[in-house]
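Undergrad: These protein sequence lines are chains A and P, in that order.
Position 248, counted from 1, in the first sequence is what our numbering calls 248; the numbers after and before it change by one each time, with no gaps.
Position 82, counted from 1, in the second sequence is what our numbering calls 82; the numbers after and before it change by one each time, with no gaps.
You can trust all of the hints, since none of them are fake.
Covered, in the sense of this in silico footprint (three residues per stretch, anywhere, with C-beta under 8 angstroms from a C-beta of chain A), are these stretches of chain P:
no., region
1, 15 to 23
2, 44 to 51
With the Cβ distance kept under 10 angstroms, some of the chain A side facing chain P (calculated, not the full set):
no., residue
3, A78
4, I82
5, P86
6, E90
7, D119
8, M124
9, R127
10, L131
11, D299
12, R300
13, F340
To be clear, the hints were calculated from the coordinates, so they are not data collected in a lab.
Positions of the beta carbon are idealized from the N, C-alpha and C atoms, including for glycine.
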Amino acid sequence: MTVEGAVSMQGIGVCPGRAAGPVALMGARPRLPAERPAVADAEAEAEAALAALSLTAEDLERRATATAIPGAAEVLEATAMIARDPSLEESIRSAIAKGEPAAWAVDVAFDGFRALLLDLGGYMAERVGDLDDVRDRTVARLLGQPLPGVPERDAPFILVADDLAPADTVTLTPEKVLALITVRGGPTSHTAILARSLGIPAVVAVADAVSLREGELLEVDGGTGMIRLGVGADEAAATNRSEQQRRAARAASRGPGRTADGHPVGLLLNIGDATGAAAVAKVDAEGVGLFRTEFLYLDRQDAPSVGEQVALYTGVLGAMDGRKIVVRTLDAGADKPLPFLNPDPEENPALGVRGLRTARRYPEVLTDQLDALALAQQATGAVVWVMAPMVATAAEAKWFTDLAHERGLPVAGAMVEIPAAALRAADLLVSCDFLSIGTNDLAQYTLATDRMAGELADLLDPWQPALLDLIRMTAEAGQAAGKSVGVCGEAAASPTLAPVLVGLGVTTLSMSASAVADVRDALAAVTLAQCREMAGEALAGRRPT
Amino acid sequence: MAQREVIVGSRIGLHARPAALFVRVATEQPVKITIRKGDGPPVDARSILRVLALGAKNGDTVVLEADGDGAEQALDAVATVVAEDHDDPA
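Given the sequences, and given the hints that come with them, work out the whole structure.
TA: The following block contains the structure:
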């Protein structure tokens, strides 16, 4: 659908900040034309097909050498190896011998291996994505179509995509991408989380974005979700200048989180690795409220050893410099399956064996992780709090906290992501030293809405009163027990929602580094009484305009 | 024809990194090497897709075969890769 004469588009802003610049469209998958050309010279077709395949391999190898992102080189090298596979060459030649033109022959050859891998299931079936990537790049070359994936441009651009897959994000940098716009996605989709971690202004669920054209100048406001079309070059330059000033001012923001009347609110970071840990000092956060440990386990066939984990944790914990760090134990399953914990596909993985539940089958993976954390804690003297994801009952919470205490981790708690845990927060707090609310999953389970369902994004809105009710119940149980209740979901990163969460009784807010300055300012502008008033309004279903 | 029977030493089987390493070493050899699992058909050891598709797990026996000059040394090289456990923590 095209929007003729439109001057603006509205989506959901997921990472604040303004940017203006030219549109670069995400390369779509190439399509074979309906008309299949006749093959005049089979040998020439074969040469063209193999040359295109070889260029794809070289391109992947070049990117593998160039990337600075940890883990990316190995992924790219493995994909390049597929493009160099002699069996593919054989299949392509045999398809051409049967009369297929080059691009069609590549498609046929890949289809054969695709089916083979899918049949094998598990890890093999996951490689199908790599196989498709190689095929798409090769077919696009042969058809003279733009290469799929994140485009390469000399100047920075606003990336417009249907949605971003984790694999697309390997090569994204704030230097290259001014802003992100996606047609699909919601406030907790991969795109949103990635944008916040990189501090790139982003707007998701912009249905009209399908009509945006390559090179068109836009202005994006990642806070309000507004996209302005038909922007002049001078105007664009002015926007980017004022954004730079805003970023510079934010970078200078310092100090502990507190309301105008001095009520303290811990401002913490969500991190996933040592790079994230280094940001703690940079934005003057009070510590880490969510250390996601999955990075250690992803793209692996077996669990990392205790020694390997100790080395990595020591690096992260060492960067804390006396600050607190809340470590979430491995959260595998659902959208992050691991071959050694989730070997079989589940009918309904979001409701299946994920988070702490994987420890029912494989307790040694959890005990190894706790042992490694205890050793890293000793080595660095860091203040480590450990918490389990996907806890539903007080019995599960007790099992976990007993285990953590036994393994030498004195402060242990649970994530509140399941409504059952929020409803019974007081029972969980009998054993838990603290609770941390994961609003993304809590919203998904409370509103029965898949986190990736873009068209249902309104149901995942963190302002939903039912979600706020569960946060309030959890926070009140924490106050009664005299224990800390934080929020580490994306809701904590919103400057408008942060005072509401404080008003509901939440004691700490954990967010991406790029959000800290805005949240700090928002809290400093209101008193605790005003926060409570705002919370009352929000619970009544009224949000600020 | 030179031949080796080797037990897969990698804890995760001939998958992911061990498979990639195996293919890389096979590609470096001067002779063509095939690999098969049990009585299955032999496949080209330089083909990552075919090697992955074997689904060789830890403890499975695979048969490596090669012909010609340097076949023995080539088989020694790839057999070592198959027998080792690459994910053994250092």
